[in-house]
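Chemist: Following the hints, put chain B in place on chain A, whose structure we already have.
Note that the protein sequences, when read in sequence, are chains A and B.
First residue of the first sequence: 9, per the numbering used here; consecutive thereafter.
First residue of the second sequence: 58, per the numbering used here; consecutive thereafter.
Rather than coming from a laboratory, the hints here were simulated on the basis of the structure.
Glycine included, each C-beta is placed from N, C-alpha and C at the ideal position.
Treat the hints loosely; a few may be bogus.
To be verified - Facing chain A, according to a computed beta carbon distance under 8 Å, are these residues of chain B, among others:
| # | residue |
| --- | --- |
| 1 | V103 |
| 2 | A107 |
| 3 | S111 |
| 4 | R200 |
| 5 | G228 |
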Amino acid sequence: MRASTLFGVIVFGLAASSAAGPFSNDESAEGTVRDLYFGEAIFYAHQGHFFEALERLDAELGQHRAVDEPALDSLYHNLREAEFSVGDFELNYRMHHRAGRAITAVLEGAVDEAVRNDAAYRLARIHFQKGQLEDALHALERIQGRVPEQIRDDVEFLRANVYMGLARHADAVAVLRRLQGAESLNGFAEYNLGIALLEDGRRQDALEQLERAGQVESADEPVLAIRDKSNLVLGTLLVESEQFSEAQRFFDRVRLEGPFSNTALLASGWAAATGEDFERAVVPWSLLAERDATDAAVQEARLALPYAYGQLDVHGRAALIYGTTLESFGGELQKLDASIASIREGKFLTALVREEIKQDTDWVIRLRSLPESPETYYLMELSASHDFQTALQNYLDLEDLRKKLASWLVNFDAFDDMIGLRSEYYGPVLLDVDAEFRELDSRMRLRLEQHRLLDERLQHMLVAPQPEFLATADERLTAERLAELASRLEGVDTSEAEVLRQRIRRLQGLLTFALRTEYHERLGEFARHLEELAEAIQVLSTQYEAFVRTRQAAVHSYEGYETPISRLRRRVGNALDEVNMLMARQGHLLEIVAIDELTARRERLETYQDQARYALADSYDRATKARVDSGTTAATQASGEGR
Amino acid sequence: MQKLFKTTVLSILMCLSWAPHGSAQNPSSEEMRSLDEQVQEIKSDVLGIAAELSRLEERLLYPSNTHLAVFVSIAEGEKFRVDAMQINIDGRLATHYIYGFKELEALQNGGVQRIYAGNLATGAHEIEVSVSGKTQGGNDFSRTESFAFSKGIEPKLLGITLAGPETIELGDW
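Isolated chain A, as found in the complex (with noise of 0.2 Å):
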């Protein structure tokens, strides 16, 4: 456990140092988001909802690549941090392939240095994180030129972490060197430079280094907590060589109420002990053998506690408090069988999916603070494997996958029901509407036909004027009249008949002469007129338009969805019933690695328990014996001064 946490630290420090980069600092190089949905989609991963994160930008994305000019769309001016978002909320969301995938397409694409480098650095992190070294430096050997300023130390420390990985401790040291004083890295550099020189065979340069590691300056939790450990292991590593009291020095810098608190408070009574000094280790057991009983270290100083009393010959004291250490043991030992047939029941799944654990983003705080149970008794022991850390976190995203399929699948029942609903409000009114709709629409296209007609005559007249074409209904009838007169005068050979053709022509004279003089002013109104019937055809036009659409969407409001609804509650269902399988044999492994830890555990304990047997009986016959010799010294003593 202890060495799991110890380690957790320095992961915490490259993602810590990594993790400011993707959702929060990088908008600001290029200005503050400008798309909705792109700020949705931070809006969600800022809260750790990282699935809703991934739904919004995948949607925008895919949205983005389909519009036919990108520059126009509000998401172009931040596509460069979406694309890396993706990777990081996958990433995040324990997505490890498809993180990698998005981050190798950005590396792959045609983009700048600075952006690529960008690219191949989260890869590497990637790798790293899923143990892949060897392609973890390939992705960073790929980084050259220009590097980003805000990931430039992240990506050396990252280089040094793989390198120490790869077990080329002499790199690491070189690169790390270079890192020392980098603010975002305060206390991981100077930590990881000591443990660098250690595994180089450095021994005193590495003791130097975590000296200087555990003096780092720092308001901030995570860099205490290296810190602590720093001094945690330079205490250690000064216990190997027997340099007890020097030891001590480190071990109480440890802070009383860090990670690292039991740890060094255990290894600091040691230290003492092994250098005799027992009334000194005295000091530091007494305070952790009254802290909480199901931390390892609390039970090895319960035991280690009268041993240190036994050595200085308070026997009796040491026989009480092996007393208590047994009983306590003995209730410890209830609380893993407890924990163990609890687990065996099947309630330790029940309760890791309790909703109080959803409360804190953090797991391992949210199972401190869980209720005490038999099934949560020894959580914390058990957060600290990696291997029971991801499939925890397996198992609750795989419950949290279930709820959601869920509550969708009882959806797609209150889809149906509004659809229904719909149908049968929609399809007898919109009988109605469209019978009324048909008449009014075959009106609507003679006007329009009628306005076409007239409009082609104004452009026929603006090239080749025909005045006729602007008289008036009066003017018309009256031409028609002079010409049927004059039809009906033809062969007629009388005087009369010429008088009369001469007052016909005179009269279409005049109607010519009126339309020839007033033609410009005739065509200017007609044009006039023709100009406002085209507005009144234009509100038409838009009415008929609302009408169209308003009538569309009452359909689509109802129709079309069969298919898709029923496409989507099958595939619902398989991948509800594909969770489910998931979760059983997810939820089985984190039973078998609990119940494999707690029984070991178990054994620990025994084992103890059987050492503080022997030692109790030893403690109570040396006390016995102490009492009987001091009793005969007293009665010799007695009997002399008799004499």
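Modeler: Leaving out everything else, chain B in the frame of chain A:
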């Protein structure tokens, strides 16, 4: 008894052997890794379903000709605290939202919240935005602003930007 110390020292020294995650090779680890791959796959599938479902929901619940969505963001660099926001549209309550710490932090870090999605007829409308919270100096503030907007036949996206405790801006998107 001294053996205990060796156990302790060993457990501490284990932290010095530096290795990334996933280096253990016991059989259950292999099985867990295989399960992990499958979990990644089902996550991908469910994300695909979620995307399709979102499109369907949007089409069904908010047809494009009546769709109105209201988004909220906080101007860059602003650190005042927003406690609650109420939005009325045409005099009727559209939504009332109380902010938690994480949501506020997400907004201050460039996040954009879709605070309301609904349906609205085409034409002229009015939106009233009320915000309450605390200034960076710790004083309570409350502010209400009204804006006119018009809804056409296309979806309408409105963006409310809180440019300061006393400044509410509305923009089209």
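Chemist: Against this structure, judge whether each hint is valid.
Modeler: Hint check:
Among the interface hints, the one on B/V103 holds; its C-beta lies about 5 Å from the nearest C-beta in chain A, closer than the 8 Å criterion. Evaluation of the B/A107 hint against chain A yields a held restraint, the C-beta minimum of about 5 Å falling below 8 Å. This hint holds: B/S111 has a C-beta 6 Å from the nearest C-beta of chain A, less than the 8 Å allowed. With a cut of 8 Å, the hint placing B/R200 at the interface with chain A is violated, because the nearest CB-to-CB distance is about 22 Å.
Below 8 Å, beta-carbon pairs count as interface contacts, and B/G228 has none with chain A, the closest being about 11 Å; its hint is therefore violated.
In this structure, the hints that do not hold are numbers 4, 5, in rising order.
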